[in-house]
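Number of protein chains: 2
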Amino acid sequence: MRRAISARQDATGMDITSRCTLGDPNKLPEGVPQPARMPYVSDKHPRQTLEVINLLRKHRELCDVVLVVGAKKIYAHRVILSACSPYFRAMFTGELAESRQTEVVIRDIDERAMELLIDFAYTSQVTVEEGNVQTLLPAACLLQLAEIQEACCEFLKRQLDPSNCLGIRAFADTHSCRELLRIADKFTQHNFQEVMESEEFMLLPANQLIDIISSDELNVRSEEQVFNAVMAWVKYSIQERRPQLPQVLQHVRLPLLSPKFLVGTVGSDPLIKSDEECRDLVDEAKNYLLLPQERPLMQGPRTRPRKPIRCGEVLFAVGGWCSGDCHFQC
Amino acid sequence: MRRAISARQDATGMDITSRCTLGDPNKLPEGVPQPARMPYVSDKHPRQTLEVINLLRKHRELCDVVLVVGAKKIYAHRVILSACSPYFRAMFTGELAESRQTEVVIRDIDERAMELLIDFAYTSQVTVEEGNVQTLLPAACLLQLAEIQEACCEFLKRQLDPSNCLGIRAFADTHSCRELLRIADKFTQHNFQEVMESEEFMLLPANQLIDIISSDELNVRSEEQVFNAVMAWVKYSIQERRPQLPQVLQHVRLPLLSPKFLVGTVGSDPLIKSDEECRDLVDEAKNYLLLPQERPLMQGPRTRPRKPIRCGEVLFAVGGWCSGDCHFQC
Chain L
1 MRRAISARQD
11 ATGMDITSRC
21 TLGDPNKLPE
31 GVPQPARMPY
41 VSDKHPRQTL
51 EVINLLRKHR
61 ELCDVVLVVG
71 AKKIYAHRVI
81 LSACSPYFRA
91 MFTGELAESR
101 QTEVVIRDID
111 ERAMELLIDF
121 AYTSQVTVEE
131 GNVQTLLPAA
141 CLLQLAEIQE
151 ACCEFLKRQL
161 DPSNCLGIRA
171 FADTHSCREL
181 LRIADKFTQH
191 NFQEVMESEE
201 FMLLPANQLI
211 DIISSDELNV
221 RSEEQVFNAV
231 MAWVKYSIQE
241 RRPQLPQVLQ
251 HVRLPLLSPK
261 FLVGTVGSDP
271 LIKSDEECRD
281 LVDEAKNYLL
291 LPQERPLMQG
301 PRTRPRKPIR
311 CGEVLFAVGG
321 WCSGDCHFQC
Chain D
1 MRRAISARQD
11 ATGMDITSRC
21 TLGDPNKLPE
31 GVPQPARMPY
41 VSDKHPRQTL
51 EVINLLRKHR
61 ELCDVVLVVG
71 AKKIYAHRVI
81 LSACSPYFRA
91 MFTGELAESR
101 QTEVVIRDID
111 ERAMELLIDF
121 AYTSQVTVEE
131 GNVQTLLPAA
141 CLLQLAEIQE
151 ACCEFLKRQL
161 DPSNCLGIRA
171 FADTHSCREL
181 LRIADKFTQH
191 NFQEVMESEE
201 FMLLPANQLI
211 DIISSDELNV
221 RSEEQVFNAV
231 MAWVKYSIQE
241 RRPQLPQVLQ
251 HVRLPLLSPK
261 FLVGTVGSDP
271 LIKSDEECRD
281 LVDEAKNYLL
291 LPQERPLMQG
301 PRTRPRKPIR
311 CGEVLFAVGG
321 WCSGDCHFQC
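Note that the protein sequences, when read in sequence, are chains L and D.
Read in order, the letters of the first sequence correspond to residues 1 to 330 in full-length UniProt numbering.
Read in order, the letters of the second sequence correspond to residues 1 to 330 in full-length UniProt numbering.
Treat the hints with care, as some may be off.
Put simply, identical chains are the same to the list, so a pair is met inside one copy or across any two.
Stated by the list, open to error - Simulated crosslink set (BS3-like; lysine-lysine; CA at most 25 Å straight-line):
1) Lys260 to Lys273
2) Lys186 to Lys273
3) Lys72 to Lys186
4) Lys44 to Lys157
5) Lys44 to Lys235
6) Lys307 to Lys44
7) Lys235 to Lys58
Simulated from the structure, these hints should not be mistaken for lab results.
All values derive from a computational prediction rather than experimental measurement.
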């Protein structure tokens with residue numbers, strides 16, 4: 001079988017004539033020599049390429065754009081920024097004036113966050129910290145750097161605590177981080193007792209308070225907790241929030257309270273007594289409790305029991321008896 | 001313990017105040033809260049970035065150089081070419097005129113090879129074939145793309161065969177591929193009998209023939225093979241090579257031949273008989289064979305036995321005797 005490369009010399013030196021076939025004769029159909037091929041894929045090439053481009057950037061070589069962010073000037077290569085961020089791709093490859101300017105002013109992005117994002121574009125690395133996550137995530141959203149958005153959300157998930165879950169929940173909502181919003185929401189529901197004692201809870205706007213307390217998954221042992229949470233929230237800023245009480249109280253499931261609590265605490269509260277709509281809600285609950293036989297006809301959102309998912313809380317009842325003939329055997 | 005992000009509202013919406021500490025209290029020195037950090041490294045980022053840059057190239061977006069190679073025009077990004085090839089780095093970041101030109105004419109590189117190398121720079125992939133290896137390797141050498149050079153050498157190693165090993169050896173030598181040269185050399189030494197029957201062997205220049213036959217590792221059963229190879233090589237182009245015979249014959253170890261072959265074949269060959277220097281070599285061998293007791297004083301490069309590495313050729317001599325009382329036992 002003939003193989004690659006034979007030596008033929010001429011006056012100028014080596015002339016190599018290709019006449020090769022595949023090395024393995026088992027792969028060849030009889031009498032039909034196949035040309036030899038070796039596909040080669042480099043695993044390290046993309047990373048090495050990016051490393052050298054980062055060195056070029058550090059030496060400001062072949063940089064074709066300067067981003068002006070606040071007081072900072074960041075030298076970069078349009079092709080790298082465009083490859084990593086759809087925002088920059090639109091800016092540099094479109095018809096915008098920026099596609100022709102060497103200096104481009106970037107507004108509405110924190111300068112330190114921008115630096116971190118550009119560093120990531122060139123190094124694949126970023127360190128998310130409590131001190132930068134609140135500027136990094138919005139900046140990543142603006143530049144459409146999905147991987148950094150995800151890293152920021154992952155960081156915030158790990159930071160979830162009853163003292164901050166409402167802040168993280170709102171932050172996730174603002175920046176449309178669905179998965180983080182879902183996790184923070186679940187965390188808030190599950191740790192409601194601690195959350196309602198936090199300062200964050202007292203600072204909630206009415207619509208967010210309603211979002212939380214209207215959930216079937218709220219983890220409470222009794223509806224008294226929800227009522228107490230609502231009253232504490234109203235009293236935290238009573239002048240401003242008193243008018244919002246009826247709207248919020250609609251989402252407390254008063255029919256699920258005990259008659260004693262409903263009469264002694266809810267019905268006798270001056271804030272509730274003095275408001276028509278609140279009194280209607282208390283009446284609805286009283287009627288529900290008074291007429292057990294008519295409850296099937298009185299079902300509504302406020303009579304639905306909560307179904308909290310309580311991880312690991314299982315009660316075992318173990319019983320047995322001694323028949324009298326059990327004794328120690330040695 | 002306090003944690004990241006608390007919700008504080010103002011008129012414009014959410015204002016988030018950072019006040020976080022590490023999640024795991026075991027990691028904290030008592031009473032000294034550590035700021036939370038999450039280093040993030042992306043594995044996929046470099047490859048994805050290069051993929052998008054390759055798309056940009058295909059759409060000729062943000063390309064800042066056109067390589068003119070033969071009849072081809074190749075659009076590219078200076079920063080990518082510079083990152084992959086020290087040749088381009090020197091061209092684009094130095095003081096050369098090319099660093100300011102948009103069109104750069106590249107000479108001495110095959111246009112198809114150049115296309116493959118640029119493709120590799122953007123895709124990390126190349127297919128080495130019998131039809132391109134001879135232009136690809138020199139082009140990779142010129143552009144200093146070490147990874148492609150290695151891939152080409154690997155391809156040629158797999159193609160080694162007695163019919164082409166001399167061509168590959170010379171090609172490796174020309175392009176300073178040391179490892180390939182070493183492997184091709186070893187292959188040639190090991191398969192000398194088949195190699196000496198090939199057309200390539202007949203076409204060798206004298207200096208390369210000498211390189212091969214002067215090695216101690218030449219895999220021959222007797223020195224007759226080496227002598228026959230040299231004579232066949234001379235007779236292939238007798239007019240041109242006859243004057244080179246003494247120079248080549250110096251490297252045949254005539255003292256290791258049998259007296260019969262030395263007298264009957266070597267000494268009686270008209271080409272050898274008619275040349276003074278060749279006769280001297282034959283005389284030297286005859287003296288060595290005639291005076292066994294003086295051999296220790298006559299040692300030289302031509303009396304050194306070859307030490308071929310013959311894989312798997314081991315002779316076992318197994319002996320024993322029967323004492324007479326051995327018989328079959330059933």
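Cross-check of the supplied hints:
In the homo-oligomer, the alpha carbons of Lys260 and Lys273 lie at most 25 Å apart inside one protomer (16 Å), although the nearest pairing across protomers, at 133 Å, exceeds that limit. When the C-alpha separation of Lys186 and Lys273 is checked against a cutoff of 25 Å, the pair qualifies neither within a copy, at 34 Å, nor between copies, at 102 Å. Taking identical chains as interchangeable, the C-alpha atoms of Lys72 and Lys186 are never at most 25 Å apart, the minima being 40 Å within one chain and 61 Å between chains. For the identical chains of this complex, Lys44 and Lys157 are inter-copy neighbours only, at 22 Å across copies versus 32 Å inside a copy, given an alpha-carbon limit of 25 Å.
Proximity of Lys44 to Lys235 under the C-alpha cut-off of 25 Å is found in neither arrangement, the shortest distances being 62 Å within a copy and 52 Å between copies. In this homomeric assembly, Lys307 and Lys44 never come within 25 Å of each other (Cα to Cα): the closest approach is 52 Å inside a single copy and 41 Å across copies. In this assembly of identical chains, the alpha carbons of Lys235 and Lys58 never lie at most 25 Å apart, being 57 Å within a copy and 64 Å across copies at closest.
Hints 2, 3, 5, 6 and 7 from the list above are not met by this structure, while the remaining hints are.
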